[in-house]
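**Student:** Residues per chain are reported as follows:
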Amino acid sequence: MSSPASKQLVVEIGGFPISLFTEDEHFWDLSRHSYQDFLSAGPAKFKLQLQILRDRTMSDDEVRVWREGDYWRLERGDFCVRWNPNSGSGQVQQNPFTYSLDSVLRIVHSLILAEQGGFLLHAASAVCDGSAYLFSGVSGAGKTTMTRLAPADATLLTDEISYVRPGGSGYFGYGTPFVGELAKPGKNCSAPIRGLFFLEKGHENRIEMLSPSESVRRLMQNILFFAQDRVLVEKLFETACEFANQVPVRRLTFYPDSRVWDTIREFEGEPAHV
Amino acid sequence: MSEKYIARSSTIAARKLAGEMMVMNALNSTFFTLNEVATAIWQAADGHTPLREIVRRIICEQFDVDPEQAQADAEQFVSELSSRGILVVSDHPLTVEAQ
Chain Z
1 MSSPASKQLV VEIGGFPISL FTEDEHFWDL SRHSYQDFLS AGPAKFKLQL
51 QILRDRTMSD DEVRVWREGD YWRLERGDFC VRWNPNSGSG QVQQNPFTYS
101 LDSVLRIVHS LILAEQGGFL LHAASAVCDG SAYLFSGVSG AGKTTMTRLA
151 PADATLLTDE ISYVRPGGSG YFGYGTPFVG ELAKPGKNCS APIRGLFFLE
201 KGHENRIEML SPSESVRRLM QNILFFAQDR VLVEKLFETA CEFANQVPVR
251 RLTFYPDSRV WDTIREFEGE PAHV
Chain H
1 MSEKYIARSS TIAARKLAGE MMVMNALNST FFTLNEVATA IWQAADGHTP
51 LREIVRRIIC EQFDVDPEQA QADAEQFVSE LSSRGILVVS DHPLTVEAQ
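If you're matching them up, the sequences are chains Z and H in order.
Counted from 1, the first sequence has number 36 at position 36 by my numbering; the numbering is strictly sequential.
Counted from 1, the second sequence has number 95 at position 95 by my numbering; the numbering is strictly sequential.
Bear in mind the hints are in silico, worked out from the structure with no lab data behind them.
This one's a predicted model, so the numbers in the text were calculated from it and none came from an experiment.
Built from N, CA and C at the ideal position, the CB exists for glycine as well.
A hint or two may mislead.
Claimed, not checked - From the derived model, a few chain H residues whose C-beta atoms are all more than 12 angstroms from chain Z:
1. A13
2. F32
3. A40
4. S90
Stated by the list, open to error - Capping the alpha-carbon separation at 16 angstroms, the derived lysine to aspartate or glutamate pairs in EDC-like fashion look like this:
5. K47/Z <-> E62/Z
6. K16/H <-> D24/Z
7. K7/Z <-> D24/Z
8. K16/H <-> E115/Z
9. K47/Z <-> E12/Z
10. K184/Z <-> D61/Z
11. K16/H <-> E12/Z
12. K16/H <-> E23/Z
13. K45/Z <-> D153/Z
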């Protein structure tokens with residue numbers, strides 16, 4: 001699929017390596033720098049051919065994702081993509097900025113993950129004592145605050161979008177290079193998820209149960225899915241139910257100081273089905 | 001009065017978790033939790049059992065309710081779910097799950 005002049009790099013996020021091919025040497029350098037902690041030498045199951053259009057500008061338009069026969073089409077002002085989920089390959093036309101490539105990768109990963117029973121979630125996440133903890137909520141609920149307050153020995157996976165995949169007997173959280181307010185990429189590592197907390201600021205630290213339906217409802221509100229596709233939505237609903245069945249989902253009211261992490265470390269909740 | 005037949009819409013994903021039945025309309029991502037009575041009606045909505053019979057055989061048997069009140073409640077529930085695209089209602093039997 002690539003021309004002899006194409007340069008390649010393999011970016012592996014969430015255990016899924018994607019080969020990026022481009023003839024634009026400058027963009028190849030930029031991408032290599034942006035994803036430096038997520039580069040892989042291994043063979044890639046997925047491939048994206050990038051055509052860099054230097055006259056395309058940035059865009060904050062709404063992204064559109066739709067099915068066209070066997071393909072997914074992804075479109076925003078700064079990129080258009082044709083993705084074939086069966087072959088795991090696609091063609092991208094985009095501007096010369098990695099910000100746009102970040103968006104393309106997020107959508108492609110969300111489509112790959114949906115097939116595998118995983119998802120991307122609007123949530124910060126960090127690894128502490130060998131377990132991953134996810135913190136979700138509306139903008140301003142405290143996702144970035146929770147990562148700022150994390151103890152020194154905790155590892156940031158992301159302060160913006162959590163990467164969740166089933167594995168072994170539960171679910172795993174993976175680090176991503178996608179940056180949020182902290183402007184700091186996550187570490188390229190993973191850990192079993194010990195809990196998902198929906199954040200609310202308050203005067204004390206308190207963890208409370210959520211009913212299964214409330215857990216699933218909040219999950220569905222915060223999972224990133226860009227396509228209003230019936231089959232995809234059904235799949236994500238099943239995935240959200242399965243996640244809530246296996247992982248403790250709670251409301252965390254917290255006062256923003258470091259003691260909230262003592263509460264997290266002491267947490268010993270069980271999932272909804274118990 | 002003519003019989004009513006109800007069937008689950010094929011655009012609905014449903015799952016019972018820790019005793020709670022959750023249904024989601026995949027066309028518009030609307031999400032509902034059903035109570036016990038609604039769950040029993042939902043599960044019995046096979047397209048060919050009349051609603052009156054579902055109420056008589058299942059609702060009145062499983063729950064201690066007045067038959068007339070149960071019928072009125074069931075009709076209201078069915079009308080609500082039908083307006084949200086979760087159930088399909090017809091005055092003749094539906095042989096397959098309706099679109």
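**Student:** For K16/H and D24/Z, compute the direct alpha-carbon distance and say whether it is at most 16 angstroms.
**Tutor:** violated (51 angstroms)
**Student:** Does F32/H sit more than 12 angstroms from chain Z, CB to CB?
**Tutor:** The claim is violated: F32/H sits with its nearest Cβ about 9 angstroms from chain Z, within 12 angstroms.
**Student:** Take a quick look at whether K16/H and E12/Z sit within 16 angstroms of each other, Cα to Cα.
**Tutor:** violated (36 angstroms)
**Student:** For A40/H, which was marked as not at the interface, is the minimum beta-carbon distance to chain Z over 12 angstroms?
**Tutor:** Holds: least Cβ distance 17 angstroms, greater than 12 angstroms.
**Student:** Has the given pair, K7/Z with D24/Z, been kept, meaning a C-alpha gap of at most 16 angstroms?
**Tutor:** Holds, because 8 angstroms separates the two Cα atoms, which is no more than 16 angstroms.
**Student:** Taking only the CA atoms, is the gap from K16/H to E23/Z under or equal to 16 angstroms?
**Tutor:** The given pair, whose Cα atoms are some 51 angstroms apart, is violated under the 16 angstroms limit.
**Student:** Looking at S90/H again, its CB stays over 12 angstroms from all of chain Z?
**Tutor:** holds (22 angstroms)
**Student:** Are the Cα positions of K47/Z and E12/Z separated by 16 angstroms at most?
**Tutor:** Given pair K47/Z, E12/Z holds - Cα atoms ~11 angstroms apart, limit 16 angstroms.
**Student:** CA of K47/Z to CA of E62/Z, is that 16 angstroms or under?
**Tutor:** Roughly 25 angstroms separates the two Cα atoms, so the pair is violated.
**Student:** May I ask you to check that A13/H keeps its beta-carbon over 12 angstroms from the closest beta-carbon of chain Z?
**Tutor:** violated (4 angstroms)
**Student:** Would you mind confirming whether the straight-line C-alpha gap from K184/Z to D61/Z stays at or under 16 angstroms?
**Tutor:** violated (24 angstroms)
**Student:** Would you mind confirming whether the straight-line C-alpha gap from K45/Z to D153/Z stays at or under 16 angstroms?
**Tutor:** Violated - the C-alpha atoms of D153/Z and K45/Z are around 34 angstroms apart, more than 16 angstroms.
Violated hints, listed in ascending order, are 1, 2, 5, 6, 8, 10, 11, 12, 13; each of the other numbered hints is respected by the structure.
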